[in-house]
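My request is simple: use the sequences and hints to build the entire structure.
Number of protein chains: 4
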Amino acid sequence: MIKVAVLGATGYAGIEIVRILSAHPEVKLEVLGSHSFDGQDISEVYGNFAHVLDMTCEELDLDRVAECDVAFTALPHGASKDVIPSLIEKGLKVIDMSGDFRYDDIKVYEKWYGQEHSSPELLEESVYGLCELYRDKVKSARLVGNPGCYTSCSILGAYPILKSGLGNSKNIIVDAKSGVTGAGRGLGLGTHFCECTENSKAYKVATHRHTSEIEQELSKAAGEEVMISFTPHLIPQKRGILSTIYVNLNKPCTTEEVIEIYKEFYKDEYFIRVKDAGKLPETKHVAGSNFVDIGIVVDERLNRAVIVSAIDNLGKGAASQAIQNMNIMFGLDEKTGIERAGFYL
Amino acid sequence: MIKVAVLGATGYAGIEIVRILSAHPEVKLEVLGSHSFDGQDISEVYGNFAHVLDMTCEELDLDRVAECDVAFTALPHGASKDVIPSLIEKGLKVIDMSGDFRYDDIKVYEKWYGQEHSSPELLEESVYGLCELYRDKVKSARLVGNPGCYTSCSILGAYPILKSGLGNSKNIIVDAKSGVTGAGRGLGLGTHFCECTENSKAYKVATHRHTSEIEQELSKAAGEEVMISFTPHLIPQKRGILSTIYVNLNKPCTTEEVIEIYKEFYKDEYFIRVKDAGKLPETKHVAGSNFVDIGIVVDERLNRAVIVSAIDNLGKGAASQAIQNMNIMFGLDEKTGIERAGFYL
Amino acid sequence: MIKVAVLGATGYAGIEIVRILSAHPEVKLEVLGSHSFDGQDISEVYGNFAHVLDMTCEELDLDRVAECDVAFTALPHGASKDVIPSLIEKGLKVIDMSGDFRYDDIKVYEKWYGQEHSSPELLEESVYGLCELYRDKVKSARLVGNPGCYTSCSILGAYPILKSGLGNSKNIIVDAKSGVTGAGRGLGLGTHFCECTENSKAYKVATHRHTSEIEQELSKAAGEEVMISFTPHLIPQKRGILSTIYVNLNKPCTTEEVIEIYKEFYKDEYFIRVKDAGKLPETKHVAGSNFVDIGIVVDERLNRAVIVSAIDNLGKGAASQAIQNMNIMFGLDEKTGIERAGFYL
Amino acid sequence: MIKVAVLGATGYAGIEIVRILSAHPEVKLEVLGSHSFDGQDISEVYGNFAHVLDMTCEELDLDRVAECDVAFTALPHGASKDVIPSLIEKGLKVIDMSGDFRYDDIKVYEKWYGQEHSSPELLEESVYGLCELYRDKVKSARLVGNPGCYTSCSILGAYPILKSGLGNSKNIIVDAKSGVTGAGRGLGLGTHFCECTENSKAYKVATHRHTSEIEQELSKAAGEEVMISFTPHLIPQKRGILSTIYVNLNKPCTTEEVIEIYKEFYKDEYFIRVKDAGKLPETKHVAGSNFVDIGIVVDERLNRAVIVSAIDNLGKGAASQAIQNMNIMFGLDEKTGIERAGFYL
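So the sequence lines, in the order shown, correspond to chains A, B, C and D.
Quick note: the first sequence uses the numbering used here, first residue 1, plus one each step.
Quick note: the second sequence uses the numbering used here, first residue 1, plus one each step.
Quick note: the third sequence uses the numbering used here, first residue 1, plus one each step.
Quick note: the fourth sequence uses the numbering used here, first residue 1, plus one each step.
For the record, the hints were derived by calculation from the structure and aren't laboratory data.
Values in this document were obtained by computation on a predicted structure and should not be read as measured data.
Just so you know, not all the hints are guaranteed correct.
Each pair may be met inside one copy or between any two copies, as identical chains are not told apart.
Said to hold, decoys possible - Result set (BS3-like, lysine-lysine): computed pairs, CA atoms no more than 27 Å apart in a straight line: (1) K279 <-> K204; (2) K3 <-> K335; (3) K111 <-> K251; (4) K204 <-> K275; (5) K204 <-> K170; (6) K170 <-> K107; (7) K111 <-> K279.
See below:
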């Protein structure tokens, strides 16, 4: 059994990791780290765990964590600064949910995060945990930077068309809509029920950090620098991200031809479901799962592809992708514990 | 492996059975019966199943079903009239989701359902599938009448206090609130999003059929005829039933004392979680699970207990309880496939 | 024009008062008091007011307020302690949204609020602002204690049957469901979108302060002391309260007979809509309005009436009732500014 | 008083017209046409109107309608084919909610609607009722084609930047999100509560009819043919459209400069609220109102403007804009009856 610590276990990403791991056949949860709920049973903090998981939240204790094989770190930016190097040093594998270990180029990180990086060497070593693209590197990684929620959805949606050379690298627009769990469990007027329900809005237009993460990967796909418009929106649902991606085509083609490119590109990927022509993703199809659904329409009038991709922001956008990474890192079937259909209802 | 047919697989109760069974380690789904979607892949009807379950919906064919070990019948009232006797005759075990096999007394059924019963002998033989109360009978049953959603929640909430003799059998009120999946997938103005969201209402006041089912069981608990006010309400959420139950006490006692009675009564029950004093159930704690959460407050001013019980109407109120029954009928650990924590988010 | 100050203008009750008054033909808004948003334009705090209401929030300044004819005080408990006597002294009429001036008996207040009352003389003088019952007293009042949201809904729902002598004063149950605006704009985990949506729960069972307010009025209706079970529930919608009220009958009667009693009792009341037999209230019918909808079913099996009443907790449960009181106090047609149909959508 | 008929009064657009007109000081509602609810009181169909509007729905009777001054036609496509010419002939002014009278070029209509136009002469005469752009023509119109919901939001959002010459007419993307009332009251699985809530999706990608309407107007703004990507999305709320519009800039400029262009362009428009830099629209700010909120961010990295516009699809996107048109046609202050702040809550 793989011994696991979840640090920051009581945030939304953390608790979704816990929920999935509590039923993972190869895992033993050892440590639930939570500063805010230190000493409380997890079933007091999240009532759904009563009778299922009998564990107590605890303040971070590196020696306790050191007994584990792997740590998921879902800590506030900065809080993980000292923690992760210590864990690596103690021989743990680490899957980090923050933005700190997702970048190839430290300058990009420092520009978009507005701060110096605290562990340049570890950044150098870390692997970007978008499993479908970096599976081989993840296998032997000690430290994985788990991708952002918007980015997983958007990169996987746009990658094949750029990689194939069919998509033009200019004028790419990613218009993304996220459920409210993406904003986390912290309190703020913006996540008050009465302010959120029956409401939609764009936010951080042209400035959201995930822009840089998407650009990094799409540039690699295109083989040249890609800069995109990325606009995140908050919509009144808990789970789900829908990315609508606009890519001009380098030559005329049909919807079916682009779909074929995607089906070929993802032909071995269990978690990626490319829709047939005429079908489009809906977030309820992926909620509660690790799946990525992708639908494509070519607007022949405009010689432009409209690609719609959907994930569960807590699933493929956070927790279940982290577990997919763990499965890969420990040589398990990568579907273990996360192969199920989503909730739909 | 137990070979399973789900008849009426594309309604909400049916598809939740399918969703759970698609990950049940001892089950092989053989037949998905659906009149409306005959010939369509289940993943076209419910997109969450793509890559997970590769099956096609089919029109009812008794010979096909006869190859199975057990059938879940989630058919419209009446549609199952001829089907169930045939299946029993062919040697299948049947777990029926309708109200047809839940009654001890055929007259009660005929009064509340306003029609003659088509299979009095099978009704006689059938077992009421409220597992926590009738586990032993379920073990050897050929035909289980799976309880209604409101009834599972309400009976389990009120049973111990009446059984103990502490609760008075007069003036019992069950005020229940249900999510909209309880109304099924059929179309009607009452389930239109714009008519449902931001809206609550009572319906079928004093006439809902589940009244009779609750009364049947509470009468057995009390050892005398119990008649209750049962008021169902529709509230704007998908999953969840919350029953608020008012029972006068035969003698003064404290909240803690009543909780103790409940904890003792349910001490061996994994799926029933009696809350400590000061804690109350919330539907998000049980959504997506087979759990029943029960909280109790004694109003000493009034010498009355207020008992709040919560279930997922699609879970313990329908699909997962049906699977719990199946597990019992086939000698499996009754938690198999349904032991997980609910979604919470 | 009546010059109005709204103190605590940026809470949910306060802003609903402002919204209605901004279109009231006989009112001039003079002061929007807000400690938290002092110096900010109201349209920055609530974007719906841009181009409609050009006013700035201001810290409480009694001299400024003194220029008004009437003040609505929607201040935190305690904050209004010194304010209200000063305003009265300066000759303003005051409509207070807190619980401080709703009681006949100071002892009841002090028991349920757990504190000494700071202005016993004003409590003595104040009028309980449930317009349909106390219209005559409101006319000449200097200080009105505007009723609570649950209480308006519940008292108006139960009053006629008790007043008529048909309803028995024992075993009355009020099971009430409220939208989340009732919890106010303050931040807390309980009002986080992801914790609220798709969730229902009971809270403050047997201890909610509104119990005492309902009992006070129903005791007057019954002509004897009435004690009730009152259970508030939080349901995932913004606006609306639905109270389901159970009252045993002193003699057998029909649904139609009870409805007739209600229609007669409320025959001159514009804002109270008693439903015909077979019809029941829904919160969407009253959302955004000052209406109270009441539906009745007699359960002849049990000789018990089930009365369902619905209001908008921000409307008749707070803001529009406060304005109805203002209209009465200033000799206007009481419907002025609040006569419109609710939103429905 | 203007005598008004609303034909198709019980659909969502129709009933919102009725709701607003029931409080319009210059209007007398004379006829509520409804095929489905012929003979029923409007308060039976929409319970919010009880005590407010005492009218009965009636089957279409041209002689009855002929007594009115103006008719709002919210009839199914085709149903209005014969009706509108008759009404015009009888001397009524007509405001049509369908797509039939919104086009300059009959060929565009016939291409996008896939049918011959039944009244080419009336189309020729009709005025496109986007008040802020065509106020002068509306004044003297007999027949107004009220704009579509998506189109009002999108055209008003993009018009100034194209008109100014700053926006490039190529590569314009309009990514729009709509609440579910936009889908109407008709029944379908897509509007079932359990299928809609907690779900988002794109639909009719590259084929939605509103594309042609937006292109018609933006082409006039740009002075050359504009072709756009328009992607509608369904999001889980009742009211509200949010359009996120991407326009490349012909020369570098700042957010503030573009905002200034918008503020100047709309400086006399009460119903258009251009946000200051750093502020963005939210649908709750416009829900229940006739306002259009517009926010702008220039992404200087990409030399592209991102414009976010928000309306209530039932308000400025349908009913209140229709009433704004009526006000203009009858020489009233165009704000009459629709000047209020939206609900927010």
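Taking the hints in turn, this is what the structure says about them:
1. K279 <-> K204: For K279 and K204, only the inter-copy Cα distance (10 Å) is at most 27 Å; the intra-copy one is 31 Å.
2. K3 <-> K335: Both: 18 Å inside a chain and 24 Å across chains, each within 27 Å.
3. K111 <-> K251: For K111 and K251, the Cα distance is within 27 Å only across copies (25 Å; inside one copy 35 Å).
4. K204 <-> K275: This pair counts as between: shortest inter-copy Cα distance 15 Å, intra-copy 30 Å.
5. K204 <-> K170: both (22 Å within a copy, 25 Å between copies)
6. K170 <-> K107: within (23 Å within a copy, 33 Å between copies)
7. K111 <-> K279: Close across copies (23 Å), not inside one copy (39 Å); limit 27 Å.
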